[in-house]
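Using the sequences and the hints, build the whole thing.
2 protein chains.
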Amino acid sequence: MSKILIFGHQNPDTDAIGAAIAFAELQRELGKDAEAVALGEPSEETQYALDYFKTAAPRVVETVANETDSVMLVDHNEFQQSVADIADVTVLSVVDHHRIANFETANPLYYRAEPVGCTSTIIYKMYKENHVEIPQAVAGMMLSAIVSDTLLFKSPTCTDEDVQAAKALAEIAGVDVEVYGLEMLKAGTKLSDKSVETLLDLDAKSFPMADKNVRIAQINTVDLAEVFARQAELEAAMAKANSENGYDLFLLVVTNILDSDSELLVVGDPKANVEKAFAVTLDNNRAFLQGVVSRKKQVVPQLTESFN
Amino acid sequence: MSKILIFGHQNPDTDAIGAAIAFAELQRELGKDAEAVALGEPSEETQYALDYFKTAAPRVVETVANETDSVMLVDHNEFQQSVADIADVTVLSVVDHHRIANFETANPLYYRAEPVGCTSTIIYKMYKENHVEIPQAVAGMMLSAIVSDTLLFKSPTCTDEDVQAAKALAEIAGVDVEVYGLEMLKAGTKLSDKSVETLLDLDAKSFPMADKNVRIAQINTVDLAEVFARQAELEAAMAKANSENGYDLFLLVVTNILDSDSELLVVGDPKANVEKAFAVTLDNNRAFLQGVVSRKKQVVPQLTESFN
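So the sequence lines, in the order shown, correspond to chains A and B.
Counting in the UniProt record's numbering, the first sequence runs from 1 upward without gaps.
Counting in the UniProt record's numbering, the second sequence runs from 1 upward without gaps.
A couple of the hints might just be wrong.
Stated by the list, open to error - When the alpha-carbon atoms are kept at most 27 angstroms apart in a straight line, the in silico DSSO-like pairs for lysine-lysine are as follows: (1) B:K128 / A:K125; (2) A:K240 / A:K271; (3) B:K297 / B:K186; (4) B:K297 / B:K212; (5) B:K3 / B:K125; (6) A:K186 / A:K54; (7) B:K167 / B:K186; (8) A:K167 / B:K128; (9) B:K212 / B:K240; (10) A:K128 / B:K167; (11) A:K128 / A:K167; (12) A:K128 / B:K128; (13) B:K128 / B:K167; (14) B:K271 / B:K240; (15) B:K3 / A:K297; (16) A:K32 / A:K3; (17) A:K297 / A:K154; (18) A:K125 / B:K32; (19) A:K125 / B:K125; (20) B:K240 / B:K276; (21) A:K190 / A:K54; (22) A:K128 / B:K125; (23) B:K297 / B:K154; (24) A:K3 / B:K297; (25) B:K128 / A:K32; (26) B:K190 / B:K240; (27) A:K167 / A:K186; (28) B:K271 / B:K297; (29) A:K32 / B:K297; (30) A:K240 / A:K194; (31) B:K32 / A:K297; (32) A:K128 / B:K32; (33) B:K240 / B:K194; (34) A:K154 / A:K276; (35) B:K125 / B:K167; (36) B:K32 / B:K125; (37) A:K32 / B:K125.
Note that these hints are calculated values from the structure, not bench results.
Since the model is a prediction, treat every value here as computed from it, not as a measurement.
See below:
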């Protein structure tokens, strides 16, 4: 059998990359020939973690069927968020913490999903269940993933299991969670030197809702005003992305990681569903979302519901 | 929250019922208000196990949304094999050993699938991971499920994990695996007093393949000739089932559990796909399938492939 490729979703965040690294290491310890790859370059936040723990970024791949017949997915399952030729290979295993949709296999497989804040928390449990020791750098990447996904435990997606896993991993990694975590999150908020196209692509996912194709991007910042100073430029890029990629509706969720609130920017239609979903009135295509930091728990379900 | 209902697939086999009983017991031990129910009456094989281990058959339900808003599935995931109103409730958890298809949720959930021979083998591991003791009768039902799904370890779906789990469960249950197992399997082969309609419904599942609706039923026997003495009657009932339920193709797999072979009976179209799938020529709508005992591993993938 050819080498098993293991990867997270497109536009990889720190969990997509950290979980792939950690799960590939676990699979190798269990005797499999496995390599972590990525469906995109690491973000600055992820690069901060990789540098800190002296870990090489996974090789970026566009397709996989040209080099393997079997893959394992982490941190996603929906085919539209996966590699372009996912339907041409066998999915041996999935580890994820999202809803299941638009996913199917011809054969039985390993699938491990739990409704926790981060895929790396589940992988931490799998290391323990298999009695495999976690190397320091791998522990650091898994810790970084948990900090990233839970916004340092402030997201409503964060569970007690995430907090406990992060504490144990911080000990192995030899860092202070709060100090390291805030530095890592801040490293991901250096936005001023990035093009609006890059900002919109940092952490963006597509979701079919009713008969519409909805794109939802999220940016973390410590300064909302800095981002919205470029509102006109952002809106133009969102409109262009809509027409080029067939999105009907583009939501940009700009999250202030210090205050744990978000400001929403919306381009496309139907905007009425957005207003209904969050019980807000868009003003200048914007709305303030008090206490909203989680796309998965505070944006996608509400918007899905408003389309049904 | 209302009581969580836990159930296996329609036309329940011993794993569908045994795994539901075992997983409900585990959930109760973990503090959940859970009840095992079933989407049909137990087969004679399952009833033999229930009687032997002095366990009540789970209550049979037709729908669930009338009494709960949340369910857990065992031994299946495809909605067409589940309760009729599955789309109206929240699936909190799935434990299964089949392919994933026609399954989706709005929210993150627990999903535990492994490519082993029996769902009860996975549930046995979950008891151990959670350090919960398995009561004798529950161990007996889980053992019965493993014996049933693996045809006493002879099926190609059987893994070393199934064998190990069965040995450990037999010790808790206080029975000899081989002696108890063969008696239980034989209890499921008293076919002569059953109507052909009952035979066709004992262990039957529907599978969408390309644009066709394929029904595949399986019967275990120790005497192929006894079953095929009623061939004309079986064919008439299969043709009636096709027209009444919109099946295009009906396969009946009659498995000799002593010899580990099967004889196939086919009604409907396209028959050419069946011949291609198993490299046989149907004669009098029948074909002998040497060494075939597993619908999941030796029938469904081959037939699916021939449709693609």
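Right, here's what the structure says about each hint:
no., hint, verdict
1, B:K128 / A:K125, "holds (14 angstroms)"
2, A:K240 / A:K271, "holds (17 angstroms)"
3, B:K297 / B:K186, "holds (23 angstroms)"
4, B:K297 / B:K212, "holds (20 angstroms)"
5, B:K3 / B:K125, "holds (24 angstroms)"
6, A:K186 / A:K54, "holds (19 angstroms)"
7, B:K167 / B:K186, "holds (20 angstroms)"
8, A:K167 / B:K128, "holds (25 angstroms)"
9, B:K212 / B:K240, "holds (17 angstroms)"
10, A:K128 / B:K167, "holds (25 angstroms)"
11, A:K128 / A:K167, "holds (15 angstroms)"
12, A:K128 / B:K128, "holds (13 angstroms)"
13, B:K128 / B:K167, "holds (15 angstroms)"
14, B:K271 / B:K240, "holds (17 angstroms)"
15, B:K3 / A:K297, "holds (24 angstroms)"
16, A:K32 / A:K3, "holds (8 angstroms)"
17, A:K297 / A:K154, "holds (13 angstroms)"
18, A:K125 / B:K32, "holds (21 angstroms)"
19, A:K125 / B:K125, "holds (14 angstroms)"
20, B:K240 / B:K276, "holds (25 angstroms)"
21, A:K190 / A:K54, "holds (21 angstroms)"
22, A:K128 / B:K125, "holds (14 angstroms)"
23, B:K297 / B:K154, "holds (13 angstroms)"
24, A:K3 / B:K297, "holds (24 angstroms)"
25, B:K128 / A:K32, "holds (25 angstroms)"
26, B:K190 / B:K240, "holds (24 angstroms)"
27, A:K167 / A:K186, "holds (20 angstroms)"
28, B:K271 / B:K297, "holds (20 angstroms)"
29, A:K32 / B:K297, "holds (23 angstroms)"
30, A:K240 / A:K194, "holds (18 angstroms)"
31, B:K32 / A:K297, "holds (23 angstroms)"
32, A:K128 / B:K32, "holds (25 angstroms)"
33, B:K240 / B:K194, "holds (18 angstroms)"
34, A:K154 / A:K276, "holds (25 angstroms)"
35, B:K125 / B:K167, "holds (13 angstroms)"
36, B:K32 / B:K125, "holds (19 angstroms)"
37, A:K32 / B:K125, "holds (22 angstroms)"
Figure legend: structure checked against the earlier numbered hints; every hint is met.
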